[in-house]
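There are 2 protein chains.
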Amino acid sequence: MATELKDLTKRADDYSRWYNELVVKADLAEQSAVRGCMVIKPYGYAIWEKMQHELDAMFKKTGVRNAYFPLLIPKSFFSREAEHVEGFAKEAAVVTHYRLRATADKTAVEVDPTAKLEEELIIRPTSETIIWNTYKGWIHSWRDLPILCNQWCNVMRWEMRTRPFLRTSEFLWQEGHTAHATAEEAEARTQQMIKVYADFAERFLALPVMQGVKSETERFAGALNTYTIEAMMQDGKALQAGTSHFLGQNFAKAFDVTYLDKENKPQYVWASSWGVSTRLIGALIMTHSDDNGLVLPPKVAPLQVVIIPIGGKDMSKLDEKLGAIAANLEKKGISVKYDNADNKRPGFKFADYELKGVPVRLVMGNRDLENGTVEIMRRDTLEKETVPMEGIEERVEKLLDDIQANIYNKAKSFRDAHVYECDNYEEFKTRVADGGFFLCHWDGTAETEAQIKADTQATIRCVPFDFEQTEGVDMVSGKPAKYRVLIARSY
Amino acid sequence: MATELKDLTKRADDYSRWYNELVVKADLAEQSAVRGCMVIKPYGYAIWEKMQHELDAMFKKTGVRNAYFPLLIPKSFFSREAEHVEGFAKEAAVVTHYRLRATADKTAVEVDPTAKLEEELIIRPTSETIIWNTYKGWIHSWRDLPILCNQWCNVMRWEMRTRPFLRTSEFLWQEGHTAHATAEEAEARTQQMIKVYADFAERFLALPVMQGVKSETERFAGALNTYTIEAMMQDGKALQAGTSHFLGQNFAKAFDVTYLDKENKPQYVWASSWGVSTRLIGALIMTHSDDNGLVLPPKVAPLQVVIIPIGGKDMSKLDEKLGAIAANLEKKGISVKYDNADNKRPGFKFADYELKGVPVRLVMGNRDLENGTVEIMRRDTLEKETVPMEGIEERVEKLLDDIQANIYNKAKSFRDAHVYECDNYEEFKTRVADGGFFLCHWDGTAETEAQIKADTQATIRCVPFDFEQTEGVDMVSGKPAKYRVLIARSY
Numbered sequence: 002m003a004t005e006l007k008d009l010t011k012r013a014d015d016y017s018r019w020y021n022e023l024v025v026k027a028d029l030a031e032q033s034a035v036r037g038c039m040v041i042k043p044y045g046y047a048i049w050e051k052m053q054h055e056l057d058a059m060f061k062k063t064g065v066r067n068a069y070f071p072l073l074i075p076k077s078f079f080s081r082e083a084e085h086v087e088g089f090a091k092e093a094a095v096v097t098h099y100r101l102r103a104t105a106d107k108t109a110v111e112v113d114p115t116a117k118l119e120e121e122l123i124i125r126p127t128s129e130t131i132i133w134n135t136y137k138g139w140i141h142s143w144r145d146l147p148i149l150c151n152q153w154c155n156v157m158r159w160e161m162r163t164r165p166f167l168r169t170s171e172f173l174w175q176e177g178h179t180a181h182a183t184a185e186e187a188e189a190r191t192q193q194m195i196k197v198y199a200d201f202a203e204r205f206l207a208l209p210v211m212q213g214v215k216s217e218t219e220r221f222a223g224a225l226n227t228y229t230i231e232a233m234m235q236d237g238k239a240l241q242a243g244t245s246h247f248l249g250q251n252f253a254k255a256f257d258v259t260y261l262d263k264e265n266k267p268q269y270v271w272a273s274s275w276g277v278s279t280r281l282i283g284a285l286i287m288t289h290s291d292d293n294g295l296v297l298p299p300k301v302a303p304l305q306v307v308i309i310p311i312g313g314k315d316m317s318k319l320d321e322k323l324g325a326i327a328a329n330l331e332k333k334g335i336s337v338k339y340d341n342a343d344n345k346r347p348g349f350k351f352a353d354y355e356l357k358g359v360p361v362r363l364v365m366g367n368r369d370l371e372n373g374t375v376e377i378m379r380r381d382t383l384e385k386e387t388v389p390m391e392g393i394e395e396r397v398e399k400l401l402d403d404i405q406a407n408i409y410n411k412a413k414s415f416r417d418a419h420v421y422e423c424d425n426y427e428e429f430k431t432r433v434a435d436g437g438f439f440l441c442h443w444d445g446t447a448e449t450e451a452q453i454k455a456d457t458q459a460t461i462r463c464v465p466f467d468f469e470q471t472e473g474v475d476m477v478s479g480k481p482a483k484y485r486v487l488i489a490r491s492y
Numbered sequence: 002m003a004t005e006l007k008d009l010t011k012r013a014d015d016y017s018r019w020y021n022e023l024v025v026k027a028d029l030a031e032q033s034a035v036r037g038c039m040v041i042k043p044y045g046y047a048i049w050e051k052m053q054h055e056l057d058a059m060f061k062k063t064g065v066r067n068a069y070f071p072l073l074i075p076k077s078f079f080s081r082e083a084e085h086v087e088g089f090a091k092e093a094a095v096v097t098h099y100r101l102r103a104t105a106d107k108t109a110v111e112v113d114p115t116a117k118l119e120e121e122l123i124i125r126p127t128s129e130t131i132i133w134n135t136y137k138g139w140i141h142s143w144r145d146l147p148i149l150c151n152q153w154c155n156v157m158r159w160e161m162r163t164r165p166f167l168r169t170s171e172f173l174w175q176e177g178h179t180a181h182a183t184a185e186e187a188e189a190r191t192q193q194m195i196k197v198y199a200d201f202a203e204r205f206l207a208l209p210v211m212q213g214v215k216s217e218t219e220r221f222a223g224a225l226n227t228y229t230i231e232a233m234m235q236d237g238k239a240l241q242a243g244t245s246h247f248l249g250q251n252f253a254k255a256f257d258v259t260y261l262d263k264e265n266k267p268q269y270v271w272a273s274s275w276g277v278s279t280r281l282i283g284a285l286i287m288t289h290s291d292d293n294g295l296v297l298p299p300k301v302a303p304l305q306v307v308i309i310p311i312g313g314k315d316m317s318k319l320d321e322k323l324g325a326i327a328a329n330l331e332k333k334g335i336s337v338k339y340d341n342a343d344n345k346r347p348g349f350k351f352a353d354y355e356l357k358g359v360p361v362r363l364v365m366g367n368r369d370l371e372n373g374t375v376e377i378m379r380r381d382t383l384e385k386e387t388v389p390m391e392g393i394e395e396r397v398e399k400l401l402d403d404i405q406a407n408i409y410n411k412a413k414s415f416r417d418a419h420v421y422e423c424d425n426y427e428e429f430k431t432r433v434a435d436g437g438f439f440l441c442h443w444d445g446t447a448e449t450e451a452q453i454k455a456d457t458q459a460t461i462r463c464v465p466f467d468f469e470q471t472e473g474v475d476m477v478s479g480k481p482a483k484y485r486v487l488i489a490r491s492y
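For the protein sequence lines, the chains are B and D, in the order given. If you count by the numbering used here, then the first sequence holds residues 2 to 492, one letter each, in order. If you count by the numbering used here, then the second sequence holds residues 2 to 492, one letter each, in order.
To be clear, the hints were calculated from the coordinates, so they are not data collected in a lab. These numbers come from a predicted model, not from an experiment. Note that CB positions come from ideal geometry on N, CA and C, so glycine has one too. Where hints are given, some of them may not hold.
[What the hints assert, rightly or not] Derived BS3-like pairs: lysine-lysine, alpha-carbon spacing no greater than 30 Å straight-line:
hint	chain 1	residue 1	chain 2	residue 2
1	D	Lys338	B	Lys51
2	D	Lys411	D	Lys350
3	D	Lys91	B	Lys61
4	B	Lys413	B	Lys357
5	B	Lys26	D	Lys254
6	B	Lys333	D	Lys61
7	B	Lys385	B	Lys357
8	D	Lys300	D	Lys11
9	B	Lys117	D	Lys91
10	D	Lys350	B	Lys254
11	B	Lys332	D	Lys61
[What the hints assert, rightly or not] Some but not every residue of chain B turned toward chain D, in silico, with C-beta under 10 Å:
hint	residue
12	Ala47
13	Arg66
14	Lys76
15	Phe78
16	Ala109
Required output: the full structure, derived from the provided sequences and hints.
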């Protein structure tokens with residue numbers, strides 16, 4: 002096991018392999034027996050729970066309530082919203098039968114051919130269709146609006162190439178679906194939620210993100226506008242970390258959902274939908290971690306502090322002293338593990354907790370006990386310091402805040418150092434393969450967009466907000482361009 | 002809407018219809034477009050969230066951690082554990098294809114016949130098989146044990162006759178799966194978890210339950226022992242509210258999961274599994290509610306207090322006073338709604354909050370304001386009282402505790418009054434159709450058990466714990482019996 006820890010591939014040698022290995026070695030997830038579906042192990046799931054807890058509270062503060070809609074969607078629903086069919090319903094798991102039976106020789110089971118469904122059912126790839134079919138019964142008058150529902154659930158898209166957390170056939174997510182009386186209100190909610198995601202990503206996950214609006218090509222099928230937050234991974238590639246869609250009246254029209262306005266006239270309802278998924282765990286890993294393993298922002302770390310004694314045969318005094326420190330930290334709401342297991346050497350423990358990204362490590366030996374000191378190490382920089390035991394709880398508390406801030410600042414500095422304005426297509430083509438976010442003038446046509454993708458595999462990630470736009474010339478077509486877009490290769 | 006509220010069928014007229022109507026009228030859930038699958042609406046889901054929150058904390062206190070395993074299970078896994086096949090794998094949703102395509106005329110979608118899976122995948126009806134296939138990779142030595150995992154997820158069983166919450170094709174639940182080095186430890190965990198469920202049911206849901214062990218016929222497929230908690234509904238029928246299974250080494254053997262013991266010898270691993278589901282919401286409703294609607298124990302009520310002003314044109318003073326009371330209650334951790342909406346009459350609001358089972362209602366009019374009083378109503382007994390405004394917060398807090406206790410005591414008195422010792426089969430056959438729990442001597446044979454079921458539809462619910470057993474004579478066969486069992490008709 003100890004040798005395994007050392008075997009982690011270095012990022013510089015093979016970033017992609019480093020990631021895949023780290024997911025497994027840090028006990029976050031593993032491939033399952035089902036193609037493209039992963040098992041999320043307790044340590045990985047604890048990160049997801051922390052994310053859920055925080056996001057759920059943020060949603061509820063904005064008036065959102067949770068509900069649950071069926072896993073299976075009748076096939077015909079996918080025909081209703083024409084654009085939606087084209088974009089989404091292709092790679093999906095299809096339920097055709099509802100019974101297994103024993104084989105004639107009783108040694109195995111087989112599908113009972115007589116138990117065939119009249120209409121096939123699709124495992125939800127996303128739930129707009131079944132939810133809007135449901136909302137039809139909930140909405141009659143303007144007084145029934147807005148509806149602000151969210152669900153935490155599993156979804157399934159039959160992906161051909163999968164990677165743990167980043168792209169899996171089944172994944173966990175939340176999907177919010179809101180219904181409004183006016184376009185303005187639905188659009189405002191769409192923008193509100195991308196801001197909630199950006200705030201969550203930056204404050205909680207320490208992920209700096211660029212907010213913006215997608216090009217028509219990159220929009221969610223059925224949306225009039227898709228807002229996105231884009232994060233930069235350490236290889237300079239972009240990762241779409243969350244999206245929020247202004248759906249106009251498309252689903253209301255597809256499922257005939259109208260309300261009577263104050264003048265008693267029927268109107269189609271306006272919609273938004275928005276989601277983030279377990280993909281965020283992949284973003285966390287790829288943004289912060291290093292060649293020693295995970296680096297986790299304290300706010301999302303399942304375990305924030307580990308305390309390790311280094312004693313001789315008699316550990317009772319160390320146990321007493323460190324046990325008291327652990328108890329005090331827990332009282333402050335800090336999650337702590339006191340690891341005095343005697344079947345693993347300290348060196349193994351150090352490497353293991355580094356690999357798992359525990360933000361703060363305290364170590365105390367018998368000499369420390371005599372001197373009233375303790376060694377404190379921060380995972381983000383690996384800096385060690387011997388400090389007085391007195392006041393260690395306050396020091397740890399402050400250090401956790403420092404680490405959270407430092408991890409964010411480090412990621413932001415890295416990101417900012419790899420954002421380039423670029424006006425020359427030849428230069429762009431040479432440089433984009435090395436990663437980075439390129440801000441380039443775009444003429445707004447799908448042709449130029451397709452050209453860039455064909456030449457470089459890079460895509461328009463968004464038209465960024467919070468960026469002072471100037472007019473210019475499209476670097477590909479030479480045509481006039483009203484603004485710059487963010488272009489990058491992406492996950 | 003107001004008339005709808007009054008239309009609730011009375012329990013005495015048609016208990017089953019009363020239940021179905023109440024689920025819909027109280028906004029808990031509704032039938033979806035997919036046969037046998039329900040939509041859990043925000044008010045119903047909020048009850049589930051409260052249950053999850055409490056149970057999850059109780060699990061974690063016993064060392065359990067959450068994880069997530071795939072939704073889909075390869076068909077062949079169901080052939081591994083032979084008994085499991087017979088009992089479980091029959092009515093299940095089968096995924097056979099992984100792609101939809103547009104029809105030739107582009108107006109609809111159809112299943113792409115070329116995208117057929119080599120091996121069909123089954124939507125999990127329960128996860129023992131995929132989890133034990135995973136545990137194989139996690140368990141090598143005795144040091145890897147125990148493993149104590151739980152998952153919160155959706156499962157699917159293709160039920161022919163469904164009822165909201167009580168029996169649906171898809172439902173939400175938690176399933177715990179533990180792995181141990183010894184039979185004793187696995188059996189102890191199995192019993193520990195049924196006690197956790199009983200404690201949760203009684204303390205949180207105010208549901209008195211009988212704990213016991215299932216007969217061989219009623220055991221979970223693949224289990225050596227199934228423990229159960231059985232609750233009594235108001236029609237005297239039993240409802241199985243939670244189960245915990247001692248699985249022996251069955252799944253370890255089926256999936257070849259062994260560990261090296263301290264002598265370095267390979268041993269098969271021992272297992273338990275245990276679960277409760279959204280069915281508990283059905284149990285809550287059927288146990289406590291009345292002809293006016295839901296009665297919810299305060300601990301599980303999404304909204305604990307509603308405050309309604311009855312004013313004239315100028316509501317400002319009432320708003321100020323009642324707003325302050327609401328804020329004070331919230332500070333105490335009590336969930337409150339101040340409903341001063343002017344588009345609904347007070348009478349409508351009263352009926353609506355009664356229907357929704359809000360435990361405490363405060364009403365204040367202008368005369369109360371002058372007198373410094375407020376009207377307080379408790380939902381469980383519908384008793385009203387006019388009390389001083391001074392100290393209302395403490396009074397509400399205490400009343401919520403009283404209501405929680407009273408609801409439990411009421412259910413327990415009802416249950417206790419309908420538990421009968423019965424030694425005569427003719428008498429039993431006459432009386433069992435009217436409901437109630439019958440404690441009868443049983444000779445331990447499956448034949449007698451089958452006879453009772455065939456004659457009366459009643460089943461052996463369990464051999465109850467905490468019951469002073471005496472030997473006797475089986476009321477059906479006349480053979481010697483070592484103990485009494487609990488027999489009842491059930492949901």
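Hints versus structure:
1. As the CA atoms of D/Lys338 and B/Lys51 are separated by approximately 28 Å, the hinted pair is consistent with the 30 Å bound.
2. For the suggested pair D/Lys411 and D/Lys350, the alpha carbons sit about 27 Å apart, so the restraint of at most 30 Å is met.
3. The suggested pairing of D/Lys91 with B/Lys61 is violated, with an alpha-carbon distance near 40 Å, which exceeds 30 Å.
4. Taking the CA atoms of B/Lys413 and B/Lys357, the gap is near 23 Å; set against the 30 Å cutoff, the hint holds.
5. A distance of roughly 27 Å separates the Cα atoms of B/Lys26 and D/Lys254; the hinted pair therefore holds under the 30 Å criterion.
6. Note on B/Lys333 and D/Lys61: the hinted pairing holds, with a Cα-Cα distance of about 19 Å set against a maximum of 30 Å.
7. The hinted pair formed by B/Lys385 and B/Lys357 meets the criterion: a straight-line CA distance of about 18 Å does not exceed 30 Å.
8. With a C-alpha separation of about 26 Å, the suggested pair D/Lys300 and D/Lys11 falls inside the 30 Å cut-off, and the hint holds.
9. About 14 Å separates the Cα atoms of B/Lys117 and D/Lys91, which keeps this hinted pair within 30 Å; it holds.
10. At roughly 33 Å between alpha-carbon atoms, D/Lys350 and B/Lys254 are farther apart than 30 Å, so this suggested pair is violated.
11. Of the supplied pair hints, the one linking B/Lys332 and D/Lys61 holds, its CA atoms being roughly 18 Å apart against a limit of 30 Å.
12. Residue-level restraint check for B/Ala47 holds (minimum Cβ-Cβ distance to chain D is 7 Å; threshold 10 Å).
13. Hint on B/Arg66 holds. Least Cβ distance to chain D is approximately 4 Å, under the 10 Å limit.
14. Because the closest C-beta pair between B/Lys76 and chain D is about 6 Å apart, less than 10 Å, the hint holds.
15. Hint on B/Phe78 holds. Least Cβ distance to chain D is approximately 8 Å, under the 10 Å limit.
16. Proximity of B/Ala109 to chain D holds as hinted, the smallest CB-CB distance being about 4 Å (cut-off 10 Å).
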